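**Q** Starting from the known structure of chain A, arrange chains B and C on it as the hints suggest.
Taken in sequence, the protein lines are chains A, B and C. Going by this note's numbering, the first residue of the first sequence is number 1, and it counts up by one from there. Going by this note's numbering, the first residue of the second sequence is number 1, and it counts up by one from there. Going by this note's numbering, the first residue of the third sequence is number 1, and it counts up by one from there.
I should point out that these hints are in silico values taken from the structure, not numbers from a laboratory. Quick caveat: nothing in here was measured; it's all calculated off a predicted structure. Accuracy of the hints is not assured; some may be wrong.
[Claimed, not checked] Cut-off 30 angstroms, straight-line C-alpha distance, at most; resulting in silico cross-link-like pairs (BS3-like, lysine-lysine):
#1 Lys145/B with Lys37/B
#2 Lys47/A with Lys5/C
#3 Lys69/C with Lys290/A
#4 Lys144/C with Lys49/C
#5 Lys144/C with Lys158/B
#6 Lys69/C with Lys65/A
#7 Lys65/A with Lys144/C
#8 Lys49/C with Lys6/B
#9 Lys143/C with Lys108/B
#10 Lys9/C with Lys177/A
#11 Lys290/A with Lys6/B
#12 Lys37/B with Lys106/B
#13 Lys37/B with Lys49/C
#14 Lys9/C with Lys145/B
#15 Lys144/C with Lys47/A
#16 Lys162/A with Lys143/C
#17 Lys158/B with Lys69/C
#18 Lys5/C with Lys106/B
#19 Lys106/B with Lys69/C
#20 Lys106/B with Lys144/C
#21 Lys9/C with Lys37/B
#22 Lys108/B with Lys69/C
#23 Lys47/A with Lys69/C
#24 Lys85/C with Lys108/B
#25 Lys65/A with Lys85/C
#26 Lys106/B with Lys85/C
[Stated by the list, open to error] Only part of the chain A face toward chain C is listed, based on derived beta-carbon distances under 10 angstroms:
#27 Ala36
#28 Pro45
#29 Lys55
#30 Glu218
#31 Glu230
[Stated by the list, open to error] Incomplete in silico selection of chain B near chain A, CB under 7 angstroms:
#32 Phe4
#33 Leu8
#34 Asn11
#35 Ser17
A virtual CB, placed ideally from N, CA and C, is assigned to each residue, including glycine.
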Amino acid sequence: MSDTLLAILHMIIFPGGIFALAVGFFFKGLDRRVEARLQRRVGPPLKQPWLDTAKLLTKETLIPKTACRQAFLLAPVFGFTGMAVCAAFIPIPGVYSGLNNMGDLLVIFYLLPIPAMALMIGGSASSSPFGALGFSREMLLMLAYETPLLMILLAVAMLAGKSIAGGAAGAEFSLLKIVNWQQQTGSLGLNTAMIPALLAYLIFLPGTLGVAPFDIPEAETEIIEGPLLEYGGPLLALFNMTSALKTFVLLGLGVALFFPGVISAWWPVNLIWFVLKCLVLMLLSITVVKSATGRLRIDQAFRFYVTIPAALALCSLILVWVM
Amino acid sequence: MASFLKVLFRNLLDGPSTDPYPMGPTFSPQRIRGRAKVDPNLCMGCGMCRYSCTAGAINIAHLPDGSGYTITIWQNSCCRCASCRHYCPTGAMSVTDDWHSAHAEKDKFNRLEQQTIKYEPCADCGTLMRPLPAHLAQRLYAGNKEIDQEKIRHICPKCRRIEDAKRTARRLLTPAPEPMEAAELTSAASTRY
Amino acid sequence: MSLDKMLQKISVRSPWLFRINAGSCNGCDVELATTACIPRYDVERFGCKYCGSPRHTDVVLITGPLTTKVRDRVLRVWHEIPNPKVTVAVGVCSISGGVFRGGYSIEGPIDRYIPVDVNVPGCPPRPQAILEGIVLARSIWLKKLGLEE
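The following block holds chain A by itself, in its conformation from the complex (with noise of 0.2 angstroms):
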């Protein structure tokens, strides 16, 4: 009973719900405001995400005459949900060992699609042809980008696996072991064999996260933000909190899989320092990308993710294999 109450805590506060909340919404600002600075301009306050929401929660709702009503309301916090509970799982290493250690990294893969499914559900409820198309975008790009995850994971996983407890197991998928067994040997991300997987899943997060070049199902100018488009007020910002939420996990996920390492025994400083590395995966992967690039054509993000970082997956799974 206890340890139920305990894993609901952690979805809440700690590190799911609002730690994660906080600690996305700080990216995010950061985000802009480097992006503003590498476009040599000013740009927002760091602390626009709460701002934006704030404004939001006291905007009026407008739902659509036409709109599956239920599922347009339950939509964001389907999402929402899932986010929180997905960002429980996400250990950080020196100061929290994720919920599950059985195989929370395919808890984490089963989970990751939710915000996606969210979009794609509101999206079709709000009856909005615009609506529609943001769905058939999504989905394509979600397919895209879901099949160098699933070979990322798996090169980790079998790299692992082998190493841990002399290859019994084949391959480990408990996300708190590989990081354990990082912390012994080394982090993956130095290892020659995972750096094409470093780099792929670099290349995965734009995607995944709807950020430039590749924000295709929300692009604002061509689809007026597609599934977003019905959607105001405090159900946006909803969306809005659970694309911060799954920045936190997605790049928590980044530096649990490369770079679990730790620098004191002192939780805080622990915890710092997990954000620094996060914060430099972000910039690398999304805002240097994000402030340079125009926005691509889904057929051709489609066959961007199925090419490059598919192949990069591979090259490290068969690196793996052969090794």
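**A** Just chains B and C now, with coordinates in the frame of chain A:
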């Protein structure tokens, strides 16, 4: 591939190039066209500006008692083409560099440039008229030394014709000591209105 | 001060912008685009963002003289915007009709159909003047919420 990274890095080093406006100062280019203005001392009420105004922003209304007229420029219709300045024969129209145009809806019809201009009586016959601007009179009568510019500015076109007839008669009646020099004639003829 | 009032008070610091082209010649639209795209003007400083959907909008910028063809669509989009909203008329066309006033296809200035809050005349207005208008719209938004700056 690397060139865009170089650009981004340079941007990061150079820092933002944003104008602090509206929190701080900004600049105005030299020839920017802002609010239109009319100089009440120079305006003759010919209506050339109203005729040439693309946006129909200029209105000239005569006072009911006939003692003058009101010229109004509605800044919210003015498209800053500066046709009025170009075509104004007396140079009364000017376009300032005041580009601060944002205002609340309640001020919409208050953003006017309005001048009520009174006629003056003709120095000879007393008909109401606008005096010719001094700089224009100077240009017009530069080649003709027998005309008193200050006087002719203040008389109406009808009296000016009478004055001209008087001058011609005087010249014809008194025998000229020697013919007018050709250079003087051409310079008088080339002064345009 | 209640939480609601506090949220409302900070809400004006993230005015999201939306453009409606009511038959404009695109001059004003280009100037609006410069406020976001040219680093010198950078409208994002005020927390602004040009959004694609009218449902996300707080400050709506209308350009153009409202032609007959576009009138019903403009009204429809304008009514899609959730309250509280601030309407800004950009350019002389939307304020008075400008050079198109009295044309056979012009339904007259915007405020004949839509309550306008801020006017930014100009043909087109300077980007700085548009920024001025957005800052003015923020204070009018506060007034609409019943809070003075």
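**Q** It remains to establish, for every hint, whether it holds in the given structure.
**A** Comparing the hints with the structure gives:
no. : hint                   : result
1   : Lys145/B with Lys37/B  : violated, 34 angstroms
2   : Lys47/A with Lys5/C    : holds, 19 angstroms
3   : Lys69/C with Lys290/A  : violated, 38 angstroms
4   : Lys144/C with Lys49/C  : holds, 21 angstroms
5   : Lys144/C with Lys158/B : violated, 62 angstroms
6   : Lys69/C with Lys65/A   : holds, 26 angstroms
7   : Lys65/A with Lys144/C  : holds, 27 angstroms
8   : Lys49/C with Lys6/B    : holds, 27 angstroms
9   : Lys143/C with Lys108/B : holds, 18 angstroms
10  : Lys9/C with Lys177/A   : violated, 48 angstroms
11  : Lys290/A with Lys6/B   : holds, 15 angstroms
12  : Lys37/B with Lys106/B  : holds, 22 angstroms
13  : Lys37/B with Lys49/C   : violated, 36 angstroms
14  : Lys9/C with Lys145/B   : violated, 74 angstroms
15  : Lys144/C with Lys47/A  : holds, 24 angstroms
16  : Lys162/A with Lys143/C : violated, 66 angstroms
17  : Lys158/B with Lys69/C  : violated, 54 angstroms
18  : Lys5/C with Lys106/B   : holds, 27 angstroms
19  : Lys106/B with Lys69/C  : holds, 28 angstroms
20  : Lys106/B with Lys144/C : holds, 15 angstroms
21  : Lys9/C with Lys37/B    : violated, 40 angstroms
22  : Lys108/B with Lys69/C  : holds, 26 angstroms
23  : Lys47/A with Lys69/C   : violated, 42 angstroms
24  : Lys85/C with Lys108/B  : holds, 20 angstroms
25  : Lys65/A with Lys85/C   : holds, 21 angstroms
26  : Lys106/B with Lys85/C  : holds, 17 angstroms
27  : Ala36                  : holds, 6 angstroms
28  : Pro45                  : holds, 7 angstroms
29  : Lys55                  : holds, 4 angstroms
30  : Glu218                 : holds, 9 angstroms
31  : Glu230                 : holds, 6 angstroms
32  : Phe4                   : holds, 5 angstroms
33  : Leu8                   : holds, 5 angstroms
34  : Asn11                  : holds, 5 angstroms
35  : Ser17                  : holds, 5 angstroms
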